[in-house]
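J.: Keeping the supplied structure of chain U fixed, place chain X upon it in accordance with the hints.
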Amino acid sequence: MDINLITNILYMTIITGTPILFVALGELVCEKSGVLNLGQEGMMLMGAVFGFIVAYHTESLLLGFTFAMIAGVLMSLLFGVISMHLNANQVATGLALTIFGSGLSAFVGIDYIGKGLEGLSKSNIPLLSDIPVLGKILFSHDILVYISIMLAAVLYYFFKNTRAGLIVKAVGESPESSEAIGLPVLKVRYLAILFGGAMAGLAGAYLSLVITPLWADNMTAGRGWIALALVVFASWRVERAIIGAYLFGFMSIMHLILQGFGVSISSNLLATLPYVVTIVVLVFLSKNQARIKLFAPVSLGKPFHSNR
Amino acid sequence: MFKLESRGHDSKLLAYASPLFAGVLTLICGSILFVLLGKPPLETLYTFFILPISDLYGLSELGVKAAPILLCAIGLAVCYRANVWNIGAEGQLLMGGLVGSWAALSLLDAQGMWVLPSVLIAGMLGGIFWAVIPAYLKTHFNTNEILSTIMLNYISLNILLFAVHGPLKDPHGYNFPESALFSAAQELPILFDGTRLHLGAGLALLAVVVVWVFLSKTFVGFQMQVLGKDARSAHFAGFKDKKLVWLAFIICGALAGLAGVSEVTGPIGQLVPNISPGYGFSAIIVAFLGRLHPIGILFASLLMALMYLGGEMAQINLGLPLAMTGLFQGMLLFFLLACDIFIGYRVVINKRKPTRHIEPAVLSNPSGASTSNLAPPVSLENK
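Chains as they are written, first to last, in my numbering: chain U, 9 to 316; chain X, 8 to 390.
Chain U on its own, in the form it takes in the complex (with noise of 0.2 Å):
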């Protein structure tokens, strides 16, 4: 096999996993405070549609970026206020937030169809891209996926060496007794929520403004929902979400691989892909029920009512 071919796929696995690691990541905070957020889809579509809309008027992707995750944290906010204080079922709360989510980035991005920006572009580190097919694989990317693999080893140090860490898993194991040791479980499980907005939203706004610079009807395509079960396959360690990430990345784009091979499949065969895998997954990790028993928080999805 070519080895530059090679190369080209492996790049290409680390920039399709990239907007799913944002997402997974900011997810598996939320579900580790022991919200379970299944809104993803929706926010992600908003921080596409209101980040191409930014970057397009402004022409500043910093700017498209800010406002996709600002478009994100509005929407985890609705979703917050409803399950959170009205204490609705998280559950259909979060289908409702990708409903609402992929009706509005729907009317809002009609003007938008078919327009086109300059997407970010690469910034190859110095001497280190310089390195064969490592250098171009690893070291000549945008910088957003730089920052999500920092924002993975923060997150990590976050949740094995800090007090703050710690008390988010707390929360998301047993928020009564939390609440009675006086941590506040309410403000904590905001903050996860909207740190999970933010990072779907900044998620959306990779795939409107780095992968394919432009707005379409649902570009998200699941997505969000493929982050779900990535959580699940990490047994919500960041570690693992990375590796999930880019091997969710090189499922997505099995079928230009396949095709650039000269597979004679119908493309449309070769779409699902990703979608079977992530059932095949499941049902493999499922399967287990005692080790996502061992490895959930144990209040995910629960609504919790203060007593203060």
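No wet-lab data here; the hints were simulated from the structure.
Fair warning: this is a prediction, and the values are worked out from it, not measured in the lab.
Treat each hint with caution, since some may be false.
What the hints assert, rightly or not - Sample of chain U residues lacking proximity to chain X, with all beta carbon distances greater than 12 Å (derived):
id	residue
1	Asp-225
2	Trp-233
3	Lys-310
To be verified - Just a few of them, taken from the derived set where beta-carbon distance is under 10 Å, the chain X residues facing chain U:
id	residue
4	Gly-15
5	Ser-18
6	Ile-140
7	Leu-168
Note that beta-carbon positions come from the ideal geometry of N, C-alpha and C, so glycine has one too.
T.: Below, chain X alone, put in the same frame as chain U:
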């Protein structure tokens, strides 16, 4: 400050009123949106909600649009009553449409009364096939049905696209991604001349009655609802919970499949890439809006169909984007969730914090025994 306080029991009245409140709030928010878009709110609302059904043809179109939504929502309601979170009605609908079309195209030259029922049954089997996959995964591997059904939605859409671009494409269709037109023997009969209202709407009404009887009058229906309310009780009562989960999925798959096949053999008349503008997702909203009750769902599906028609009307008459419909649906579901809180909780206004005081209380032992003086002094603090 406001505070939510548990009512202790659910308010029946508010359970029925909450969808109405949600509808009114959606209308108010919609009007504000119209004003922001520079459209006269009353006229726009009129275009959205009255104009589409102001004549008989409009009313018949309402039935055409409501039929698939109603079928899907009834099926979903059975699932949700059994606490099975099936989000896959859209995929099951697409599969029903696809398999039904395949059957119709294989029977293109056949004549007779048996052709249409065969096509419809093929469509239902297609929907059932797509629904038993998550049922099997859930009962055998404990796979979360939300994620599996959503993935199956994406998969079925791609299979449908593959079929209309490939094996089911009309060989004489100038390479358009469409199947050949179905024959007259395969099309659902029109109920009223001059309209597009087809037998599918009648089948949907039949489904309402059948599912209503099933849920409220049969033992299996009862078992399913017990399973949904409290899985442990169902288990201790000896109900076969896995079979119930399968049944819920099969019912939903069959109804969603029927919705799909009656779209292709009804108003569309051939297999096309976009046989559904998200009916399976709207059906989720409809199921909740109709309180998971067949009659409630009937009304909710009419409202949802009206939103689709109104969206089209507002696009034609006022140049508003069609995506408005999706936005309205999302708002409606959100407002419903928010309003539903008041079924179980009421808002109380916190008065000023009571000042701390310590009662010199000596709690008497309820049994009246002489240990009462051993009870520690209790400070009653109002937090």
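J.: Now look at each hint and say whether the structure bears it out.
T.: The hints, checked one at a time:
no., hint, result
1, Asp-225, "violated, 8 Å"
2, Trp-233, "violated, 5 Å"
3, Lys-310, "holds, 15 Å"
4, Gly-15, "violated, 13 Å"
5, Ser-18, "violated, 15 Å"
6, Ile-140, "holds, 8 Å"
7, Leu-168, "holds, 4 Å"
Of the numbered hints listed earlier, those contradicted by the structure are 1, 2, 4 and 5.
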